[in-house]
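Undergrad: The chain contents come next:
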Amino acid sequence: MEQSAPLLEFDHVVCRFGEVTAVGDVSCVIEPGSFVALVGASGSGKSTLLKTVNTLVVPSQGRVLFGAEDVTTLKPSALRRRVGYVFQSIGLFPHFTVAENIAIGPRLTGEKLPSERIAELLALVELDPALASRMPDELSGGQRQRVGVAQALAGGPELLLMDEPFGALDPITRAALGETVRELHTRLGLTTIMVTHDMAEALLLADRVLVMDAGILVADESPRALLGGQGGDVAQGLVAVPRQQAERLAAMESRR
Amino acid sequence: MGAIWEILPGLGDKLAAHVVLSASAIGLAMLIALPLAVWASRSQMVSRVALSLASLVQTIPALALLALFFPLLLSLRAVFGEGLPTLGFLPALMALTLYALLPILRNAVTAQANLDPGVLEAADGVGMTKWQKLTLVEAPLSAPFIMAGIRTASVWTIGAATLATTIGQPSLGDPIFAGLQTQNWALVLAGCLVSAGLALVADWLLWWIERGIDERKRWKWAGALAMVALGISAALWAQSAGSEERRIVIASKQFSEQYILAQLIGARLEQAGYAVEYRDGLGSAVVHSAVASSAIDISVDYTGTIWTNYLKRADNPGREAMYEAIAAWEARKNGVRVLGRLGFENAYAFAMRADRAAAFGVASLADLAAVAPRLTVGGDPEFFERPEWIAVKDAYGLRFARNRNFAPTFMYDALRSGEADVISAYTSDGRIAADRLVVLADPKGALPSYDALLMLSPRIAQDRGVIAALEPLIGAITVEAMREANLAVDREDAAKLTPKQAAAKLAVKAGL
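Chains as they are written, first to last, in the numbering used here: chain A, 1 to 256; chain B, 1001 to 1512.
No wet-lab data here; the hints were simulated from the structure. Owing to the predicted nature of the structure, the values given are computational and were not obtained by experimental measurement. For each residue, glycine too, the CB sits at the ideal point set by N, CA and C. Among these hints, one or two may not hold up.
Claimed, not checked - One side only, chain A facing chain B, incomplete, derived with CB under 7 angstroms: (1) Leu56; (2) Pro76; (3) Ser77; (4) Tyr85; (5) His95; (6) Ile104; (7) Gly105; (8) Leu108.
Stated by the list, open to error - Take a look, some chain B residues computed to stay more than 12 angstroms from chain A by CB distance: (9) Gly1010; (10) Gly1197; (11) Trp1208; (12) Ala1267.
With the hints as constraints, model all of the structure from the sequences given.
TA: So, in structure tokens, the structure goes:
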């Protein structure tokens, strides 16, 4: 059987901002259909690496290939329709309604999204389609982030990028939204890359975990392998936190 | 105060001119400031330079800024040709536009700088081009702040536009300046009321637009915008309905005599079938060049003024010689026709209250020199810069304890109240007789003569009809008649006349 062609490839990507090297020589291949978590401490370069995919950051050296094309050669509006983007500060336009926010990506390429499609997208992220005419400031944080996901999905993307998507949400909303995204990933056959600093979230949602430290990729393992002690010191340091928490909770439970 | 209600209906054309001027200045300022703000948001350098320049302009007093455009445009004639207007709408528009730039620019730049970075990142994240980002995100989110800047600019501009009167652009400043000079307070108040009312209405309509944008209610901002457009169109229509052909423009400087003579000249031309237009309250320096450039057609100037300011002469060859030399010089140098002398002199003279003069034992400028260090001298705003003052000061060795500037009308009040001991009076001024002032003799002949001259611009220098209508004025006005007319306008009691009424009376007196 022929091996499936990579959807995305980082080819010796280096990002420097003046004196600072945010990403130092990262090479890695992302297979279609995979759910990849990109984990690391603050300042490890994970967000910067993610942004090279939709050209919000252009690498100082190296290339990012989407399909077989260098992303910097594609038209930004066309590229960003094929690459949905969800990020922590949500980024809804405060002067647009929910419907207008969802439809903005296709609108930029000259397509008007019908209201049925908007209702469908809202249903997809488990929101009441009646919210379509509301303004963003009338919604809760969780609802807004769901609209953010619907906006990212509106163009029918092949690839979904998420930059700390649940960082600003409370734990319950966060867990629920995580489930929703994982389900959508499977149902829509997406390829997803999620940046997070929460290893527990990465282990629970992703089927592949990349760990970054000081701009370098230090581990590339499945969640099972990480839990089995693979991936080196930095990765194991990150895994240790939720594991210890889980063990202490389990111990408390058994003493009851 | 009932008089105000009679004045208000007559201010329609001034209001229309004021609206057109203010709206043009704000519109032009927006056209300049908004693209500049976009540029500034992309470059720190541009932002700093643009804001500093706009702030610098604000530090120049509006009156000076307006006046500065006259010499500037005059020198630009070398490039753009003689057709470039140096007075009136163009310089007023340019000065007011500069003035309106700062609030619009500053608010637009601040609004852009304070946009939520998350929203801007989202705009990039969905793949907006720079232009889409500007029109779909940055402009709509900045709009309420920009509107606030436009509101501030509008209120400033409508206020400052009253000063356009001084450079010959009709505005609501006309009644204010005319009223100040002739102490007609109803006229001043009427001008202020209408201009303040206009500023309030503009501010209110623009506030509706601002709120409408902020609340995203289309009917609100569109309705207010329509009313603004309607107001400007009405003003434009009222203006264009008024001016179909070039009228004869008569200038007056900022004192009563000039207003009266302008009315006298205007009335005679109207009788002869000409359409006339008055440019009242012009700065003295502006008038002479304006006549030379035909921006203004008729003015009354004075031999001494022209002799010292334009011929740059310091000698005193005597009254006749001076007149002949000036008439020849004007014709040769500027193409201006000096039609003749009106018959009276409005010379500078030093005047004191009779009791003070007696107490100090002063009868002439020579006597004055001895006591001057104990006295305060009052002069009109330009007097202490004038060569006449320097000539007198040098000739008699005058050194006063204090020099103070007063508007011509207020100098006499200052003398009465003791704020000044000696003033630079004018010999044709009715208040010399009315206040029983002592005019100090000039034994050394340091002060030149000031025969009133009738000046015609090159445009009408050969116009026989105009000349025929105005020739009877030559030599017809005695200094007594002029004093009486000036006093009638300057006085504060029931016998006070408007310049027009005084001009009619003067015409009768002069046997016209």
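Undergrad: Sort out which numbered hints this structure fails and list those numbers smallest first.
TA: none
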